[in-house]
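Once you have looked at the hints, place chain B on chain A.
Residue-level listing of the chains:
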Amino acid sequence: MTKKKKVPWFWTWVIGSVVFRLILLYFPKNLNLSSRPEVSTPLTSIRRLAEGYWLKQSSVSPYAGSMYHGSPLLLTLLGPLTVKRIEGQPDHLLCGLVFVIADVVSAMLICAAGEKLQVAYSSSLQLLGLRDLSENSERLPSGDFAALVYLWNPFTIVACVGLSTSAIENLMVVLSLYGACSRLAPLAAFGWVMATHLSLYPAILIIPVILLLGYGPDAPPRKLFCQKNRLEVGNSSSSDSYSEEKAKNQLKVANVFSWRPVVSFLLWTLLWSSYILVLCSIYVQQYGGLQELFKRTYGFILTIQDLSPNIGVLWYFFAEVFDFFRNFFLIVFHGNILLMLAPLALRLNHRPCFLAFVYIAISSMLKSYPSVGDSALYLGLLGLFAYELKDMQFSFFLLSGYVGVSLLSPVMHNLWIWRGTGNANFYFATAITYACFQVRYLYSF
Amino acid sequence: MGANENSSAKPRVRPIVRLGIFLISHSNIVSLVCFLAGVVALLLLPVLAKNTYISENALMPGSANNMLSTHHVSDANKFIKDLTDLEFTSMASPIESQKLIARYMSALDAEVTFHKFYPQFSQFHPLHFFTSPDSGIISKNGTCSSFGVNTIGIIRAPRGDGKEAIVLVTPYNPSKVGLGEAVSLGIAYSVFLLLSRVTWLAKDIIWLVADSQYGEYSSVAAWLREYQAPVFHKVDVVTSEACNESSSFNELGQGLYLDGKLSGDFRRAGTMAAALVIKVVDQGNQYEDSLNIYAEASNGQMPNLDLINIVNYMAVHKQGLRIKVKKMWSLIDSWWLNTLGVIFESLGKVARSLNPQLKFGIPASDYVEGAATLASSLYYQGLGVPTGPHGAFRDYQVDAITLEISPKVSLTKLNRRNEFMLRGGRLIEGVIRSINNLLEKFHQSFFLYLLTSPGKFVSVGVYMIPFALLVAPLPIVAAYLHANGSNSTPQNPSSSLEVDGSHKSWEWLNSARKVLVIHLWGVFVSLLPFFLRQVPNTTLTMNFVLWGFLSIFSLLILYLTLDCPIFKASASQLEKNKWTSLKSVTISTAFIGLSLMSVINFATAEIGALLIVPICLLARPLKLDIQARSWRTLLRASCNIVLGFVVFSPVSFVLLKGAFEDFYGINVGDYWKWVESLWAWNSATYLYIGVVHLPCWALCIHILFHPC
Numbered sequence: 094m095t096k097k098k099k100v101p102w103f104w105t106w107v108i109g110s111v112v113f114r115l116i117l118l119y120f121p122k123n124l125n126l127s128s129r130p131e132v133s134t135p136l137t138s139i140r141r142l143a144e145g146y147w148l149k150q151s152s153v154s155p156y157a158g159s160m161y162h163g164s165p166l167l168l169t170l171l172g173p174l175t176v177k178r179i180e181g182q183p184d185h186l187l188c189g190l191v192f193v194i195a196d197v198v199s200a201m202l203i204c205a206a207g208e209k210l211q212v213a214y215s216s217s218l219q220l221l222g223l224r225d226l227s228e229n230s231e232r233l234p235s236g237d238f239a240a241l242v243y244l245w246n247p248f249t250i251v252a253c254v255g256l257s258t259s260a261i262e263n264l265m266v267v268l269s270l271y272g273a274c275s276r277l278a279p280l281a282a283f284g285w286v287m288a289t290h291l292s293l294y295p296a297i298l299i300i301p302v303i304l305l306l307g308y309g310p311d312a313p314p315r316k317l318f319c320q321k322n323r324l325e326v327g328n329s330s331s332s333d334s335y336s337e338e339k340a341k342n343q344l345k346v347a348n349v350f351s352w353r354p355v356v357s358f359l360l361w362t363l364l365w366s367s368y369i370l371v372l373c374s375i376y377v378q379q380y381g382g383l384q385e386l387f388k389r390t391y392g393f394i395l396t397i398q399d400l401s402p403n404i405g406v407l408w409y410f411f412a413e414v415f416d417f418f419r420n421f422f423l424i425v426f427h428g429n430i431l432l433m434l435a436p437l438a439l440r441l442n443h444r445p446c447f448l449a450f451v452y453i454a455i456s457s458m459l460k461s462y463p464s465v466g467d468s469a470l471y472l473g474l475l476g477l478f479a480y481e482l483k484d485m486q487f488s489f490f491l492l493s494g495y496v497g498v499s500l501l502s503p504v505m506h507n508l509w510i511w512r513g514t515g516n517a518n519f520y521f522a523t524a525i526t527y528a529c530f531q532v533r534y535l536y537s538f
Numbered sequence: 145m146g147a148n149e150n151s152s153a154k155p156r157v158r159p160i161v162r163l164g165i166f167l168i169s170h171s172n173i174v175s176l177v178c179f180l181a182g183v184v185a186l187l188l189l190p191v192l193a194k195n196t197y198i199s200e201n202a203l204m205p206g207s208a209n210n211m212l213s214t215h216h217v218s219d220a221n222k223f224i225k226d227l228t229d230l231e232f233t234s235m236a237s238p239i240e241s242q243k244l245i246a247r248y249m250s251a252l253d254a255e256v257t258f259h260k261f262y263p264q265f266s267q268f269h270p271l272h273f274f275t276s277p278d279s280g281i282i283s284k285n286g287t288c289s290s291f292g293v294n295t296i297g298i299i300r301a302p303r304g305d306g307k308e309a310i311v312l313v314t315p316y317n318p319s320k321v322g323l324g325e326a327v328s329l330g331i332a333y334s335v336f337l338l339l340s341r342v343t344w345l346a347k348d349i350i351w352l353v354a355d356s357q358y359g360e361y362s363s364v365a366a367w368l369r370e371y372q373a374p375v376f377h378k379v380d381v382v383t384s385e386a387c388n389e390s391s392s393f394n395e396l397g398q399g400l401y402l403d404g405k406l407s408g409d410f411r412r413a414g415t416m417a418a419a420l421v422i423k424v425v426d427q428g429n430q431y432e433d434s435l436n437i438y439a440e441a442s443n444g445q446m447p448n449l450d451l452i453n454i455v456n457y458m459a460v461h462k463q464g465l466r467i468k469v470k471k472m473w474s475l476i477d478s479w480w481l482n483t484l485g486v487i488f489e490s491l492g493k494v495a496r497s498l499n500p501q502l503k504f505g506i507p508a509s510d511y512v513e514g515a516a517t518l519a520s521s522l523y524y525q526g527l528g529v530p531t532g533p534h535g536a537f538r539d540y541q542v543d544a545i546t547l548e549i550s551p552k553v554s555l556t557k558l559n560r561r562n563e564f565m566l567r568g569g570r571l572i573e574g575v576i577r578s579i580n581n582l583l584e585k586f587h588q589s590f591f592l593y594l595l596t597s598p599g600k601f602v603s604v605g606v607y608m609i610p611f612a613l614l615v616a617p618l619p620i621v622a623a624y625l626h627a628n629g630s631n632s633t634p635q636n637p638s639s640s641l642e643v644d645g646s647h648k649s650w651e652w653l654n655s656a657r658k659v660l661v662i663h664l665w666g667v668f669v670s671l672l673p674f675f676l677r678q679v680p681n682t683t684l685t686m687n688f689v690l691w692g693f694l695s696i697f698s699l700l701i702l703y704l705t706l707d708c709p710i711f712k713a714s715a716s717q718l719e720k721n722k723w724t725s726l727k728s729v730t731i732s733t734a735f736i737g738l739s740l741m742s743v744i745n746f747a748t749a750e751i752g753a754l755l756i757v758p759i760c761l762l763a764r765p766l767k768l769d770i771q772a773r774s775w776r777t778l779l780r781a782s783c784n785i786v787l788g789f790v791v792f793s794p795v796s797f798v799l800l801k802g803a804f805e806d807f808y809g810i811n812v813g814d815y816w817k818w819v820e821s822l823w824a825w826n827s828a829t830y831l832y833i834g835v836v837h838l839p840c841w842a843l844c845i846h847i848l849f850h851p852c
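Listed in order, the protein sequences are those of chains A and B.
Under my numbering, the residues of the first sequence are numbered 94 to 538, in order.
Under my numbering, the residues of the second sequence are numbered 145 to 852, in order.
Here are the computed distance ranges between Cβ atoms for each label pair:
hint, chain 1, residue 1, chain 2, residue 2, range
1, B, GLN771, A, SER401, 58 to 66 Å
2, B, ILE160, A, LYS177, 52 to 60 Å
3, B, SER698, A, GLY428, 52 to 60 Å
From chain B, some residues computed to sit far from chain A (all C-beta separations above 12 Å):
hint, residue
4, PHE166
5, VAL183
6, VAL184
7, ASN195
8, GLU231
9, HIS259
10, ALA346
11, ASP409
12, SER474
13, TRP480
14, GLU563
15, LEU779
Example chain B residues on the side facing chain A (calculated, C-beta under 10 Å, incomplete):
hint, residue
16, PHE591
17, HIS626
18, SER739
Calculated from the structure, these hints are not laboratory results.
Here a beta-carbon is modelled for each residue, glycine too, at the ideal position from N, C-alpha and C.
Chain A extracted, bound-state conformation (with noise of 0.2 Å):
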């Protein structure tokens, strides 16, 4: 590894995050963020979460009534400190506690993906001879970077104080990607099974995980490889073999696709997902079982049963299409997801960290219950892509967007809900320019 370059002042940075962080949680009663509709869906509420637990405690089934919505195993392990005060101190301060702790591991984790990335790219660009374009990328410490955008976007700072569970959702889904970067199959399956476990749709990230793992990070095309490779084979006349030969037998270790990471990834995934599925069959075991709890909570994120306003644009939608017609737009809204996972996957295969990014993206846009938390992992990731970016058209203009729509959308909710002068298609409105945004902020790659 090489030698490690910090923003200046890294550890301060991280730190007066979580100060920051700690004091918004010590003043809940005033911002009132929980009960926020871009804040807290169905899926990531924590007064529903603690509702789920109160059930359970009154051995009740935690889905009754439909007011959780969650997994199993958050249950257990946040269920116990909605319960637990403190005195003096604000009700959810122990859950606020671990969504910082969450925060910023996901922001640690972000930073090492960042520098496993780095180096990657690097040595691959000098395979490529391309000596002074690397050492300009090195200047760029694109790992702390991402991670000091993630700690301080003010969309996680939200999402955490507001106390959605989607900090822990991020979590894993860092988890899984800073495994597949560092090729630790455990991990990396670990991190996919939770994130699919407790949000679904990371599942797709299965595909840039194995990539990653099969190829290795991100890369240049592997075009530029061969041509490389043919131009070197027609300038080597001269040169000795050997020398040659090291140098094809380098480029090839970059076009392989190797089998083994993925192979083990794949078992521990079969592993881990029996594991939970297990763990969760224990815990629902007296009321209904595992169906119970699919249809609880996968069925719940599939079918759109919940219309209650939030930034996605899918609740406007399902409350007013007919009910015969149902069926056929839910296929064709998650359809809409799984069709771009195929173009995108065969454009992007050499460079599967990116590949993952524009998944998230989609899928946070495209998602049944889209809450500011999962903007928030999409654009910390985009700090990894920090050299890439720096070519990037509008950005002024996409983060003009950002932050108009961002103040807006609480606005228009005020008036809609409080006032009484505005109604619903006035947040539907912000909902709809937020979507536009994001779309053209993934259309500008």
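Leaving out everything else, chain B in the frame of chain A:
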């Protein structure tokens, strides 16, 4: 990026993109035209006002005959007499008059309750308008000695299911009952008397006699809070044993408990359809009986226009009252407005001679009156401070207005008073009868409007146009500056090593950081008064000076820290030329702030746009302008200096105040007082001034003195 794209890929550019590029590349002319058009459109608003009409068919105002008779009025007179006599005979305690009112109410078979409350003094909830009205406002400063008692009477509707109610509010001060207040109570009593007998009532009637010792608003607000959002685990600051006064509150009901109609607990009727606050002002030197309507609630919210329409219709067509809304009197005599009126009148004549179908143009006097009313409507909506106790209702989505009735001659003449009360009572009766027909809430007519006279309004669709025209140049100029800035700067290879500010498309990030810091400073400045108020024994002027001093001090500290290497990303040479990118970021934040404010409180955004947009568009380093030494640049520089001075909010406050009232006796303490009233009422305007207006002004000044 505009020009390049245009030339390189001409055949492929779509028309809409081409239009955008055209607008951006001609931003100077476009912004000038848009701004002027915006001002003209604003001045045209009184001409474009439409006549009001009753939109909800179910209301049917004035379709029934009045049932209120002289008989009711004479009963009410007896009530007034008892009330005023009480004032003269027993000076013992204000409780007596409340007892008397309760006795009268219960004699009409109404349910009577008392509601005890501790008045809440001004508190600072900067984000109050974001949250639900009931989010944890618990009074902590209530003391034993200060509490008020509201008396509430409820008539259950014979035809209703008890799910809807209409509220009558009469504020009065039990320790000093004036004749005007007594007559307003009398009018309400006569209506209440009538309504307790009628068969057509479909909604419950709540008569709230609000104890206005601690302000009319706070008593009504306290009652509404209890009605709509009861606190179950109340931390009772004042336990009943600790206070002697509480025992007198308990004694209140003693006489009435025997009847069984007074209930100790809080009574409710259904959801409120509408509320009318009745006030009588004993001025006594009017041309005729007149009715003032106050409608502005907090943050420029207005009741549904239908409510005003009904009152207007009943007052004008049935009772022959002269109806008025607030005006800016100083505007009526101003020569420029009169000239404008004449110009618009002649324009209208020309238009009509061309095409008789065109209904453009109104008489000059109408124009001036309309403009004065519109100005006051804008001002009071923009202030965000409710103009009466009706404001408390709007926080719970109940439409409410205050009716202030003033008689022609003094109320002491009994004969004249009877007639006056009959008129007032019939007005209230008609309005209630009309609201009684309502099926749901008021929803048919407008919520967002400006009044230009009691019978004319400008709806949101029309008044958005001037604002949109005023604000439209901002994004265009921002895009122009941004595109220009990122094209023209020389690529310096040494600068590309930074973390973020490296590439040309990210160069704006440094300016964005500066803008962010200044806006954070704005937040800090707007939080300062909260702490300054804790300092005891200070005068208004001293507070203001302290505030200004602390703000400047913190700004200096920020400047110093900004210069140190943590914040500064080593691009000092390039930074010098960066005023364009700074300006573009400033302008776009101003745009975001203004559009946000236009949703929260339109009037503030309109006034704010008039003030801040010119300087945002014109700002340019003075050094450049002076170096150029042509008459155009010098003119621009002087314009900038003048604007920079005028837009500074205390200065603009003093100037506006001087223009509309007079300069005599203005001191800086007034500004503090004005600001204090804003934040005491949780007005979003305060936040706007602190977080958007002030930072934008500071950034514009920074650009003016930019070293380039």
